Amino acid sequence: MHIPDGYLGPTTCGFFYVAMLPIWTLASRIVKKNLKAKQVPLLAIGAAFSFVIMMFNVPIPGGTTGHAVGGVLVAILLGPWASCIAITVALVIQALLFGDGGITAVGANCFNMAFVLPFAGYYLYKGLSYRAAVDSSRRFIAAGVAGYFGLNIAALLAGVEFGLQPMLHHTTSGQALYCPYGLNVAVLTMVGEHVLVFGWVEAVVTALVVKYLQKHFSEIFEEGEM
Amino acid sequence: MFKKNNFIEHSIQGVLSFLKDSIFSEEVALKKGLLQSLDPRIKVLTFLVLLLQVLWLKDVRILMVFYGFCLALSCLSGVRLWFFLKRTWIFIPLFSLFVAIPAIFSFFTPGDAYATFHVGGIKFVITSQGLAVALLFVGRVLTCVSFAVLLSLTTRHFELLKVLRIFKVPQIFVMTLGMCYRYIYLFVEIIEHTYLAIKSRVGVSVHTQKGQRIVAWNIANLWTRSYQLNEDIYRAMLSRGFTGEPFVLNEFKIKTKDWLWVSWVVMVTFLFIFLNAHIKI
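Protein chains in written order, with the working numbering: chain A, 64 to 289; chain B, 254 to 534.
Be a bit skeptical, because a hint or two may be false.
What the hints assert, rightly or not - Between beta-carbon pairs, the in silico distance windows are:
1) B:LYS376 - A:ARG201: 52 to 58 Å
2) A:LEU231 - B:VAL372: 32 to 38 Å
3) B:LEU482 - A:MET230: 29 to 35 Å
4) A:PRO73 - B:LYS421: 19 to 25 Å
5) B:GLU442 - A:LYS96: 33 to 39 Å
6) A:ARG201 - B:LYS506: 54 to 60 Å
7) A:LEU89 - B:VAL302: 52 to 58 Å
8) A:VAL260 - B:TRP512: 28 to 34 Å
9) A:PHE280 - B:ARG418: 32 to 38 Å
10) B:PRO355 - A:ALA82: 28 to 34 Å
11) B:VAL302 - A:ALA195: 50 to 56 Å
12) A:GLY245 - B:HIS371: 25 to 31 Å
What the hints contain is simulated information worked out from the structure, not anything from laboratory work. Predicted, not measured: the structure shown is a model, and the values here were computed from it. Where a beta carbon is used, it is the ideal one built from N, C-alpha and C, also for glycine.
With the sequences and hints as input, model every part of the structure.
Right, dumping it as structure tokens:
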């Protein structure tokens, strides 16, 4: 899901930086307005949390492992705007310090994983768990469904971004300069692997974590978000 | 994303130990070398310019010159070549190489036949155009990743995060970045200790469903522990004079060496613009 440098052309990278600017500005205004002073460390904790979720190897049938992205989970715990900042910070640290996900592709990665993924997942979760009691099983099922769809929507977007590259950037003889596959291949591959495998990993992890928190720390769902 | 190993053992020996030993140690950033001696602000800006140049390149020969330049910079900065090649080739460029392989065939990139072979009665044609596309793609990804890793290796991490202020990044992001970096180390330690405890109690072989529950419990437990930690940290911040607005000290100084480096990058940039405009692709 993390787009590295060199997969997207400069125009696409620039477009997503520009697209993310108002979102980042709005997110920082909303969070600053709603953030109580004592919640300041919580935002950093949320960012570190969204970073380390990706380090948990989740066992899947067949003896192999995959990992979750955790975008929807962080959105459920912090709220969509705070999660946008937290995931952006996690992605910037990954790109700058760990070389995972490109520096020039930070805008595109943030659009997919810090904006579309948490917002789509969060509002789906809110809709499905509308008026559900704190201990209701509808909540963790909604979290799982939101995790699955949130990740797949983000994967679809990443596929579209990859697939547009041969059309946007090519030589005079038509050879691709960046990601070499068109929409038909890129979208099918990205959506296919996430619908069949990684979406389920995300769903299971999101649902089980919410279920565990409902059982042992239900006050998290009562306190509200940033 | 998939690895054939036990998830507990793999988590301990894989990414957790890699992060602690290689990333957080900042071994290279503390050495004396060319890039370590530059002002972090100048270094980040010039590396961004170099990265953008790599992104704009259309000729694989110039790309290779840039890659060679990156390797030379790593040597001048005291980075062992083999270590640097391992850090930059494994993961993203190797993955990109696999991604690029289908593009060399005529199914995806039609063109002049370079080589032909048959597998199970199906004719496979490798095209010259396909090879050029794949070479440019992998070369670009490799060069970009090498520059990004070199920047990260040769700069102290807290300096790298402080530099973001010159890009007028809102304070809330800068402050969160600085604190987040420290929490990541703490969380990595917590996860490592938890996995070691699980390993010592249940062994390394766990059924898939049980394993998924263990991972979910770990994530939830990490969140609740950190949530509780929040109160203590806030009190510690208050006792150190935190008033709600973050204040960051500025210790950076631009030296003659930095200006020489900037002049050099500017020259390379103009040369690159000239070459890119005169080479017809």
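Now the hints, each set against the structure:
1. A hinted range of 52 to 58 Å holds for the C-beta pair LYS376 of chain B and ARG201 of chain A, which are about 55 Å apart.
2. The supplied range of 32 to 38 Å is met by LEU231 of chain A and VAL372 of chain B, whose beta-carbon atoms lie about 33 Å from each other.
3. At about 49 Å, the CB distance of LEU482 of chain B to MET230 of chain A disagrees with the hint of 29 to 35 Å.
4. Between PRO73 of chain A and LYS421 of chain B the beta carbons are some 21 Å apart, a value that agrees with the proposed interval 19 to 25 Å.
5. At about 34 Å, the beta-carbon gap between GLU442 of chain B and LYS96 of chain A stays in the expected band of 33 to 39 Å.
6. Against the hinted window of 54 to 60 Å, the Cβ-Cβ separation of ARG201 of chain A and LYS506 of chain B comes to about 59 Å, which satisfies the hint.
7. Restraint check, LEU89 of chain A to VAL302 of chain B: a C-beta distance of roughly 29 Å breaks the suggested window 52 to 58 Å.
8. Between VAL260 of chain A and TRP512 of chain B, the C-beta spacing of about 52 Å breaks the proposed range 28 to 34 Å.
9. Against the hinted window of 32 to 38 Å, the Cβ-Cβ separation of PHE280 of chain A and ARG418 of chain B comes to about 36 Å, which satisfies the hint.
10. The hinted window of 28 to 34 Å between PRO355 of chain B and ALA82 of chain A holds, with their beta carbons roughly 30 Å apart.
11. Take VAL302 of chain B and ALA195 of chain A: their Cβ atoms lie about 52 Å apart, and the range 50 to 56 Å holds.
12. Restraint check, GLY245 of chain A to HIS371 of chain B: a C-beta distance of roughly 26 Å satisfies the suggested window 25 to 31 Å.
Going down the numbered hints, you'll see the structure goes against 3, 7, 8, while the others check out.
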